[in-house]
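Take the given structure of chain A and dock chain B to it, following the hints.
Chain residues, written in single-letter form:
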Amino acid sequence: MRSWKVILEIARTHLFTKLKSTVTASIGVTFGIAAYITLVSFMTGLNSMLDNLILNQVPHIHLFNEIKPSEKQPIALYNDYEDALPIIHSIKPKQNQRKIHNALPILNDLEKNEKVLGATPQIQAQIFYLSGNIELGGNLTGVDIMKESKLSNIQDYITQGTVLDLRNTENGILLGSGIAEKLSLTAGRKVLVSTARGDRFHLKVVGIYQSGLAEIDDIQSFANLKTVQRILGEAENYITDINIKLNDITHAPALAKVMEKKYNVSAVDINEINAQFETGTNVRNLITYAVSITLLIVAGFGIYNIQNMLIYEKMNDIAILKAIGFSGSDVQLIFLSQAAFIGISGGILGLILGLGLSNLIDNVPFETDALPTITTYPVNYNPANYVIGIFFALLSTFIAAYFPSKRAKNIDPVQIIRGN
Amino acid sequence: MSLILETKNINKYFGKLKPFHVLKDISMGVKEGEFASIMGKSGSGKSTLLYILSTMDTDYSGELYLQDELVTGKSQQKLSHIRNKKIGFIFQFHYLLPEFSVIENVMLPAKKLGLKTPQEIREEAMDLLQKLNIDHLASQRASKISGGEKQRVAVARALINEPILLIGDEPTGNLDSYNSENLFQILKTLKDEKGLSLLMVTHDEDLAKRTDRIIYLEDGRITK
Numbered sequence: 001m002r003s004w005k006v007i008l009e010i011a012r013t014h015l016f017t018k019l020k021s022t023v024t025a026s027i028g029v030t031f032g033i034a035a036y037i038t039l040v041s042f043m044t045g046l047n048s049m050l051d052n053l054i055l056n057q058v059p060h061i062h063l064f065n066e067i068k069p070s071e072k073q074p075i076a077l078y079n080d081y082e083d084a085l086p087i088i089h090s091i092k093p094k095q096n097q098r099k100i101h102n103a104l105p106i107l108n109d110l111e112k113n114e115k116v117l118g119a120t121p122q123i124q125a126q127i128f129y130l131s132g133n134i135e136l137g138g139n140l141t142g143v144d145i146m147k148e149s150k151l152s153n154i155q156d157y158i159t160q161g162t163v164l165d166l167r168n169t170e171n172g173i174l175l176g177s178g179i180a181e182k183l184s185l186t187a188g189r190k191v192l193v194s195t196a197r198g199d200r201f202h203l204k205v206v207g208i209y210q211s212g213l214a215e216i217d218d219i220q221s222f223a224n225l226k227t228v229q230r231i232l233g234e235a236e237n238y239i240t241d242i243n244i245k246l247n248d249i250t251h252a253p254a255l256a257k258v259m260e261k262k263y264n265v266s267a268v269d270i271n272e273i274n275a276q277f278e279t280g281t282n283v284r285n286l287i288t289y290a291v292s293i294t295l296l297i298v299a300g301f302g303i304y305n306i307q308n309m310l311i312y313e314k315m316n317d318i319a320i321l322k323a324i325g326f327s328g329s330d331v332q333l334i335f336l337s338q339a340a341f342i343g344i345s346g347g348i349l350g351l352i353l354g355l356g357l358s359n360l361i362d363n364v365p366f367e368t369d370a371l372p373t374i375t376t377y378p379v380n381y382n383p384a385n386y387v388i389g390i391f392f393a394l395l396s397t398f399i400a401a402y403f404p405s406k407r408a409k410n411i412d413p414v415q416i417i418r419g420n
Numbered sequence: 001m002s003l004i005l006e007t008k009n010i011n012k013y014f015g016k017l018k019p020f021h022v023l024k025d026i027s028m029g030v031k032e033g034e035f036a037s038i039m040g041k042s043g044s045g046k047s048t049l050l051y052i053l054s055t056m057d058t059d060y061s062g063e064l065y066l067q068d069e070l071v072t073g074k075s076q077q078k079l080s081h082i083r084n085k086k087i088g089f090i091f092q093f094h095y096l097l098p099e100f101s102v103i104e105n106v107m108l109p110a111k112k113l114g115l116k117t118p119q120e121i122r123e124e125a126m127d128l129l130q131k132l133n134i135d136h137l138a139s140q141r142a143s144k145i146s147g148g149e150k151q152r153v154a155v156a157r158a159l160i161n162e163p164i165l166l167i168g169d170e171p172t173g174n175l176d177s178y179n180s181e182n183l184f185q186i187l188k189t190l191k192d193e194k195g196l197s198l199l200m201v202t203h204d205e206d207l208a209k210r211t212d213r214i215i216y217l218e219d220g221r222i223t224k
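The listed protein sequences correspond, in order, to chains A and B. Under the numbering used here, the residues of the first sequence are numbered 1 to 420, in order. Under the numbering used here, the residues of the second sequence are numbered 1 to 224, in order.
These are computed hints drawn from the structure, not numbers from a lab. Just so you know, nobody snuck in bad clues.
Between beta-carbon pairs, the in silico distance windows are:
| no. | chain 1 | residue 1 | chain 2 | residue 2 | range |
| --- | --- | --- | --- | --- | --- |
| 1 | B | Lys85 | A | Thr17 | 27 to 35 angstroms |
| 2 | A | Met309 | B | Phe20 | 29 to 37 angstroms |
| 3 | A | Lys20 | B | Glu181 | 40 to 48 angstroms |
| 4 | A | Ile399 | B | Lys16 | 26 to 34 angstroms |
| 5 | A | Ile399 | B | Arg141 | 33 to 41 angstroms |
| 6 | B | Lys16 | A | Asn382 | 54 to 62 angstroms |
Result set (DSS-like, lysine-lysine): computed pairs, CA atoms no more than 30 angstroms apart in a straight line:
| no. | chain 1 | residue 1 | chain 2 | residue 2 |
| --- | --- | --- | --- | --- |
| 7 | B | Lys116 | A | Lys409 |
| 8 | B | Lys31 | B | Lys116 |
| 9 | B | Lys85 | A | Lys5 |
| 10 | A | Lys409 | B | Lys144 |
| 11 | A | Lys409 | B | Lys85 |
| 12 | B | Lys111 | A | Lys406 |
| 13 | B | Lys144 | B | Lys111 |
| 14 | B | Lys18 | A | Lys409 |
| 15 | A | Lys68 | A | Lys99 |
| 16 | B | Lys116 | B | Lys144 |
| 17 | A | Lys5 | B | Lys74 |
| 18 | B | Lys144 | A | Lys18 |
| 19 | B | Lys74 | A | Lys406 |
| 20 | A | Lys406 | B | Lys85 |
| 21 | B | Lys131 | A | Lys5 |
| 22 | B | Lys31 | B | Lys191 |
| 23 | B | Lys74 | A | Lys409 |
| 24 | A | Lys5 | B | Lys111 |
| 25 | B | Lys74 | B | Lys16 |
| 26 | A | Lys5 | B | Lys86 |
| 27 | B | Lys16 | A | Lys409 |
| 28 | A | Lys409 | B | Lys86 |
| 29 | A | Lys147 | A | Lys204 |
| 30 | B | Lys209 | B | Lys24 |
Note that the structure is a prediction, hence the values are computed from the model and not measured. Glycine included, C-beta positions come from ideal geometry on N, C-alpha and C.
So that you can see chain A by itself, here it is in the shape it has in the complex:
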């Protein structure tokens, strides 16, 4: 026999006759939620930008042939010295080719693996950039540029030219921005490179690559796989590295171990490559949530105060309502529905304000050498944040209103009526 209509009617009348307190309470929630949305959008936007800065340039798993000593030295094969402790001086790395054995079948096998998003072949080559009698040491990486651009966003780091320019130019090179600056080269010009063996080649600069990390841009350039194979004088199956992107990055360490065994190569996963990366992300997320929750708690206290005051002002009304037949829980529901209204209206306004503020931040210019393709501050418009925001608005108003409303429920009408 709950009479919702009357309860809501009374709640509404209270809200609209005390419009000032209602607006103040709603504004508290609005600002809390707006600040939460803005902060979370901005922080997670920055976070994912920083993450991508690293993630996009680092494969989840990297396969290569490592130069290292044999794990089993020849003496271990001698049965005569089975019980002895061999002491070997000056162990040399094992004579080994740099290319991955059976690279093409491995690539085919990887493409079939459903945990793998994609695998790209690469050739790492040490070269010199020549200009007059100046020799600059550097790396030339042979890539399948179309595949590469699908799996990483390498195109975001190409400041002049496009990936297509590289694919369509037989002897094209994507020159690192540091080298380009040193050698005063722009797209369309030619650069002379020499291999470690001394062979010289003219390559056409089809674009400029800028990763944002100076030590990479000063040495790193990209060319097509075939171009690099030709420069090195190697066959078409000469591939030194395989970069793998996974569907789920968390599987990287386990899969790396499996691949190491299966393909008989060295494999490192992203956690090994960049151990501090995850720690940094976690700490930044922690700070974001700590600040946001603080804001919501502050908003909650505002609501608590206003509800308390409202109930104090309405003591007489509560006593009258109870005398004419409203039960304690009816009275409690009146105050809780008021809080729900404040929470919903303040929360929705907060979401809109938060969206507006993050949009504002999104349009603030932000130019940095480290990120050639980013021109404004990054903002993450993740709908999940908005859902969490409105949920928190309701939760904090409910908690803030619950205790005052419980007090209203338990007010003894006789005391109020006789007290005056």
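Chain B alone, transformed into the frame defined by chain A:
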């Protein structure tokens, strides 16, 4: 005539550390269609008794019957329902919800009871206001009308659910002689015409003498 309201050996104490015996063995009854008044000096416990009879105060020992039904020990939820349906209240100071209009104030208990449609309730409320000659105030804010008018609105509100018992805590106490006479006449008419039972606490001896029966309280005991 049957008893509308009956008490058996009601005792009440105030305070916990040094209990003060306010009501001592109160056994009384109000008959159907009877207009009874309770009189006594300040501190004699007459208001305390009234609030126990009204079911709002549940902290007592003894038994309270309403229409031969034991009320003592029922849950707050049920007591609220009984107050809503069977008892009408008129207070000395606490009249109306100030933010609501006069008609809304009158309609509230009926809306809470929820037995009739809002349209029916509104018509009945208008009828009551008309009978009390305050129908012209219906859409006014309750805080904007005079004290005598407020008390008449309170009577209308007390009557909206057609209660069996009307309880007044010095309903005329805060009114001038003209308005208190007016209110008394209204209550008297209700009793005569509708056979309503009334019970009111009053200080006004002249008014009390015109009721059917006076219950005198002295130091927590009924003396007459």
